[in-house]
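J.: In the order they appear, the protein sequences are chains W and G. Residues in the first sequence are numbered from 0 upward in steps of one, following numbering that gives the first Met the number 0. Residues in the second sequence are numbered from 0 upward in steps of one, following numbering that gives the first Met the number 0.
Keep in mind the hints are simulated off the structure, nothing from the lab. Take these hints with a grain of salt, some might be off.
[To be verified] Once the Cα atoms are required to be at most 30 Å apart in a straight line, the calculated BS3-like pairs of lysine-lysine come out as: (1) G:157 x W:173; (2) G:178 x G:157; (3) G:178 x W:173; (4) G:178 x G:202; (5) W:265 x W:23; (6) W:23 x W:215; (7) W:270 x W:23; (8) W:173 x G:155; (9) G:69 x W:173; (10) G:157 x G:69; (11) W:215 x W:265; (12) W:188 x G:155; (13) W:188 x G:69; (14) G:157 x G:202; (15) G:157 x W:188.
[What the hints assert, rightly or not] Pairwise CB distance ranges, derived in the manner of DEER restraints: (16) G:166 x W:272: 25 to 33 Å; (17) G:38 x W:186: 26 to 34 Å; (18) W:169 x G:65: 28 to 36 Å; (19) G:139 x W:170: 20 to 28 Å.
All C-beta atoms in this analysis are idealised placements derived from N, C-alpha and C, irrespective of residue type, glycine included.
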Amino acid sequence: MVFDWASIWAAWPDLMAGSWMTLKITALGLLGGSVIGGLFGIVVTYVHVPVNRRNAAWVVAFVAVLGLALHFAGGALAAVPGGVLAAVLLAAAALLLWRFPQWIGRSVSIFAQIFILLIRGTPIVVQVMFIYFALPLLVNLRIDGFTAAIFTLMINSGAYIAEIVRAGLQSVPKGLHEAGLAMGLPFHKIMAFIVGPVALRRMIPTMGNQCIISLKDSSLFIVIGVAELTRQGQEIIATNFRAVEIWGTVAVIYLMMTGCIALVLKVVEHKTRIA
Amino acid sequence: MSIVEFRNVTKRFGANTVLDGISLGIDAGEVVVIVGPSGSGKSTLLRCINALETIEGGDIIVDGLSVRGKPAQVRLLRREAGMVFQQFNLFPQLTALENVMFGPLHTRAVPRDEAHEQARALLARVGLAERENHYPGQLSGGQQQRVAIARALAIKPKLMLFDEPTSALDPELRHEVLKVMQDVAETGMTMVVVTHEMEFARKVGSRLLFMDGGRIAEDGNPEELLTRPSSQRLRDFLQHVS
Numbered sequence: 000m001v002f003d004w005a006s007i008w009a010a011w012p013d014l015m016a017g018s019w020m021t022l023k024i025t026a027l028g029l030l031g032g033s034v035i036g037g038l039f040g041i042v043v044t045y046v047h048v049p050v051n052r053r054n055a056a057w058v059v060a061f062v063a064v065l066g067l068a069l070h071f072a073g074g075a076l077a078a079v080p081g082g083v084l085a086a087v088l089l090a091a092a093a094l095l096l097w098r099f100p101q102w103i104g105r106s107v108s109i110f111a112q113i114f115i116l117l118i119r120g121t122p123i124v125v126q127v128m129f130i131y132f133a134l135p136l137l138v139n140l141r142i143d144g145f146t147a148a149i150f151t152l153m154i155n156s157g158a159y160i161a162e163i164v165r166a167g168l169q170s171v172p173k174g175l176h177e178a179g180l181a182m183g184l185p186f187h188k189i190m191a192f193i194v195g196p197v198a199l200r201r202m203i204p205t206m207g208n209q210c211i212i213s214l215k216d217s218s219l220f221i222v223i224g225v226a227e228l229t230r231q232g233q234e235i236i237a238t239n240f241r242a243v244e245i246w247g248t249v250a251v252i253y254l255m256m257t258g259c260i261a262l263v264l265k266v267v268e269h270k271t272r273i274a
Numbered sequence: 000m001s002i003v004e005f006r007n008v009t010k011r012f013g014a015n016t017v018l019d020g021i022s023l024g025i026d027a028g029e030v031v032v033i034v035g036p037s038g039s040g041k042s043t044l045l046r047c048i049n050a051l052e053t054i055e056g057g058d059i060i061v062d063g064l065s066v067r068g069k070p071a072q073v074r075l076l077r078r079e080a081g082m083v084f085q086q087f088n089l090f091p092q093l094t095a096l097e098n099v100m101f102g103p104l105h106t107r108a109v110p111r112d113e114a115h116e117q118a119r120a121l122l123a124r125v126g127l128a129e130r131e132n133h134y135p136g137q138l139s140g141g142q143q144q145r146v147a148i149a150r151a152l153a154i155k156p157k158l159m160l161f162d163e164p165t166s167a168l169d170p171e172l173r174h175e176v177l178k179v180m181q182d183v184a185e186t187g188m189t190m191v192v193v194t195h196e197m198e199f200a201r202k203v204g205s206r207l208l209f210m211d212g213g214r215i216a217e218d219g220n221p222e223e224l225l226t227r228p229s230s231q232r233l234r235d236f237l238q239h240v241s
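Here chain W stands alone, though its shape is the one from the complex (with noise of 0.2 Å):
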């Protein structure tokens, strides 16, 4: 076999472009995949829901409604545009949670631990082929690959990155706690100025595994037909026929791409040591 650099520099602004893409999807993917993380994770450390009977009883309840709905509603919910029905739910979850404000907490936090359930026990493939070709027969949501993609990758490292934000924030020792409590700080200043900034500095590791994961995920958007690198890879070699280089060159951009990541979180952790 000759190796033919010709045809890596012939595909390389596709290439290029594939890169981009797999950058955009990973980063908006996990900005909104911390977001969500941040916020699941924090409610689940700290607001307790028993398991218990009737706790239990009251989430199967809540599953079978909702099983039970979409089946006698599904057709008629596929005329209803996604973006109403979407609203709608929303604005009866609101409504619910303003008229009883003490259920917020539990709410929130059993709501999380079914989506960590839900994300965690499923492929990251199954998960955006539902998303893509799904949801529009479900509800008539329909949504282009790349919002779909960044969805999906936000969906999928949210629960993840929440259950690393709980472990960073039972990993800090409770007596911080007590201590900003003891003065008399509320408990937002606390995350923020105390128990947070522990935490950050003991999740950087974690976090840094989940962004490699997150971006090495990005290429399984390949099944619904997202111009990220592996898609554009692919492309080129049904034209060309040069395996090694196309898929020898992708594998080094990935490299790079991932090896930059754990860098940048070598440099962080180290600037952020605690003497």
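With the hints as your guide, set chain G onto chain W.
T.: For chain G alone, coordinates are given in the frame of chain W:
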């Protein structure tokens, strides 16, 4: 008028009654030393004063505020009570100076310059002026606890709570912390101290409480109680600690 008043306080952990109908008044300027066997409820009693533990029955009034009030009121109450913990609980990401500045900056909205000046003065007072830029991890246990005392004093509390402040320290480091506590007591600060240091109770304490089984079994002058313990239980306890 009492600065801290317990009104028939009960506290349970599950089926276990930890505080069993405690009524107690602490006057401004008193140095109350609480002793007792482990599990007698002495730490819990202290932690109820600033609402780190919730109570099931009765009420505690601290400087006119109830521990059963709304969260905002409880935060105000906590700012009147500086607390020193067994495990120091200094903020590890901040230097000694920043630890002492933290309370004034975040709870009392003191200007930065003023907080800085005050923190340096407090660190000098606990003998750590030259350690102000050290992180907690670079200080000995005794030094950390002295910083923790300075940090608690920085929010200008009306009383100070000490939860076994020397129990995590090597014997040779205890005296430096006890010395600082004695200095604080001499300024007229109201103090409630849970400890096993009988010498401190005798020398610095103005009142001794002996707790047993969730009740205050003895309440009186430290010198008298320690020299001539009236009850068999206190005699047994003193035999075990000394």
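J.: Next, verify each hint and record whether it holds.
T.: Against the structure, the hints come out as follows:
Taking the CA atoms of residue 157 of chain G and residue 173 of chain W, the gap is about 25 Å. The hint holds against a cut of 30 Å. Distance restraint check for residue 178 of chain G and residue 157 of chain G: the Cα-Cα separation of roughly 20 Å lies within the 30 Å cut-off, and the hinted pair is therefore satisfied. Straight-line distance between C-alpha atoms of residue 178 of chain G and residue 173 of chain W comes to about 28 Å, which keeps the hinted pair within the 30 Å bound. For a cut-off of 30 Å, the pair hint linking residue 178 of chain G to residue 202 of chain G stands: about 11 Å separates their Cα positions.
Taking the CA atoms of residue 265 of chain W and residue 23 of chain W, the gap is about 22 Å. The hint holds against a cut of 30 Å. The suggested pairing of residue 23 of chain W with residue 215 of chain W holds, with an alpha-carbon distance near 13 Å, which does not exceed 30 Å. Straight-line distance between C-alpha atoms of residue 270 of chain W and residue 23 of chain W comes to about 26 Å, which keeps the hinted pair within the 30 Å bound. For the given pair, residue 173 of chain W sits about 24 Å from residue 155 of chain G by alpha-carbon distance, which is consistent with the 30 Å threshold.
Under the criterion of a C-alpha separation no larger than 30 Å, the hint pairing residue 69 of chain G with residue 173 of chain W is consistent with the structure, at around 23 Å. A distance of roughly 21 Å separates the Cα atoms of residue 157 of chain G and residue 69 of chain G; the hinted pair therefore holds under the 30 Å criterion. Distance check on the hinted pair: residue 215 of chain W and residue 265 of chain W sit about 19 Å apart at the alpha-carbon level, within 30 Å; holds. A threshold of 30 Å between alpha carbons decides the hint, and for residue 188 of chain W with residue 155 of chain G the separation of about 20 Å falls inside it, so the pair holds.
With a C-alpha separation of about 18 Å, the suggested pair residue 188 of chain W and residue 69 of chain G falls inside the 30 Å cut-off, and the hint holds. Proximity of residue 157 of chain G to residue 202 of chain G is assessed by CA-CA distance (about 22 Å); at most 30 Å being required, the pair is judged to hold. Of the pairs offered as hints, the one joining residue 157 of chain G and residue 188 of chain W holds, with about 23 Å between alpha carbons and a cut-off of 30 Å not exceeded. Between residue 166 of chain G and residue 272 of chain W the Cβ separation comes to about 30 Å, which falls inside the hinted range of 25 to 33 Å.
A C-beta distance of roughly 30 Å is found between residue 38 of chain G and residue 186 of chain W, which places it inside the suggested range of 26 to 34 Å. Checking the proposed 28 to 36 Å range against residue 169 of chain W and residue 65 of chain G shows it holds: the Cβ atoms sit about 32 Å from each other. Between residue 139 of chain G and residue 170 of chain W, the C-beta spacing of about 24 Å keeps the proposed range 20 to 28 Å intact.
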